[in-house]
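Just so we're aligned: the sequence shown equals residues 40 to 179 in the numbering used here.
Check the hints yourself; a few may be wrong.
[Said to hold, decoys possible] Derived pair list, reagent style DSS-like, types lysine-lysine, alpha-carbon separation capped at 25 angstroms:
| # | residue 1 | residue 2 |
| --- | --- | --- |
| 1 | Lys154 | Lys60 |
| 2 | Lys45 | Lys161 |
| 3 | Lys154 | Lys45 |
| 4 | Lys164 | Lys60 |
| 5 | Lys60 | Lys45 |
| 6 | Lys154 | Lys141 |
| 7 | Lys141 | Lys45 |
[What the hints assert, rightly or not] Computed beta-carbon distance windows for the label pairs:
| # | residue 1 | residue 2 | range |
| --- | --- | --- | --- |
| 8 | Ile80 | Lys161 | 17 to 27 angstroms |
| 9 | Asn167 | Gly89 | 38 to 48 angstroms |
| 10 | Arg146 | Ile80 | 17 to 27 angstroms |
| 11 | Tyr61 | Thr97 | 38 to 48 angstroms |
| 12 | Glu100 | Glu127 | 31 to 41 angstroms |
| 13 | Glu127 | Leu104 | 25 to 35 angstroms |
| 14 | Asp54 | Thr119 | 28 to 38 angstroms |
Simulated from the structure, these hints should not be mistaken for lab results.
Backbone N, C-alpha and C fix where the C-beta goes; we use that ideal spot for every residue, glycine too.
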Amino acid sequence: MSVHFKVVERPNPRDLTLPNKYYAHIVNGDDITFAELAQLISKVSNLNYGSVVGTLATLVEVIELQLIHGRQVRLSDLGTLYLTLSSEGVDSKDGFSAANIKRAAIRFRPGQRLKALVRNLKFAKLGNNGTTAEEDEIDA
40 MSVHFKVVER PNPRDLTLPN KYYAHIVNGD DITFAELAQL ISKVSNLNYG
90 SVVGTLATLV EVIELQLIHG RQVRLSDLGT LYLTLSSEGV DSKDGFSAAN
140 IKRAAIRFRP GQRLKALVRN LKFAKLGNNG TTAEEDEIDA
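Please build the complete structure, drawing on both the sequences and the hints.
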């Protein structure tokens, strides 16, 4: 199965005076909700829906606690979650305080299995009518 993309015209964000160019844009399907994800997991495992929901909800809480304590959370083949900070620079170490921190963000670094997934993707260009053409399939 291929990942669908369409071609869109965009300006160059670094120089708006340059002519527009055409770029690939992924065509995403619907989002999957937490409940739908739990339901799918329960169907492909020997766990009931309630157990899956409870486990996933607990996982979120444990991840929050670990990130707050400055730990990276490694989730096997899925990947690693970790915090990053953005701050203003100051002239001296002593002049820096928590007030210089502008924001924190949670980052995700994919694991080997997800990296392999991305390396092995196939792409299919969607035409104007929303269908794909076999000759347009491209390996990643």
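For each hint, the structure was consulted:
For the hint pairing Lys154 with Lys60, the CA-to-CA distance comes to about 29 angstroms; that exceeds 25 angstroms, so the pair is violated. For the hint linking Lys45 to Lys161, the alpha-carbon distance of about 14 angstroms falls within 25 angstroms, and the restraint holds. Between Lys154 and Lys45 the alpha-carbon distance is near 23 angstroms, which keeps this suggested pair within the 25 angstroms criterion. Under the criterion of a C-alpha separation no larger than 25 angstroms, the hint pairing Lys164 with Lys60 is consistent with the structure, at around 17 angstroms.
A C-alpha spacing of about 14 angstroms is found between Lys60 and Lys45, which places the hinted pair at or below 25 angstroms, so the restraint holds. Of the supplied pair hints, the one linking Lys154 and Lys141 is violated, its CA atoms being roughly 31 angstroms apart against a limit of 25 angstroms. As the CA atoms of Lys141 and Lys45 are separated by approximately 36 angstroms, the hinted pair breaks the 25 angstroms bound. Checking the proposed 17 to 27 angstroms range against Ile80 and Lys161 shows it holds: the Cβ atoms sit about 26 angstroms from each other.
At about 46 angstroms, the beta-carbon gap between Asn167 and Gly89 stays in the expected band of 38 to 48 angstroms. Look at Arg146 against Ile80: about 25 angstroms separates their beta carbons, and that is inside 17 to 27 angstroms. The hint said 38 to 48 angstroms for the Cβ distance between Tyr61 and Thr97, and at roughly 46 angstroms that hint holds. The hinted window of 31 to 41 angstroms between Glu100 and Glu127 holds, with their beta carbons roughly 32 angstroms apart.
Distance hint for Glu127 and Leu104: a CB-CB separation of about 28 angstroms, consistent with the stated range 25 to 35 angstroms. Distance hint for Asp54 and Thr119: a CB-CB separation of about 36 angstroms, consistent with the stated range 28 to 38 angstroms.
Violation of the numbered hints given earlier is confined to hints 1, 6 and 7; the remaining hints are satisfied by the structure.
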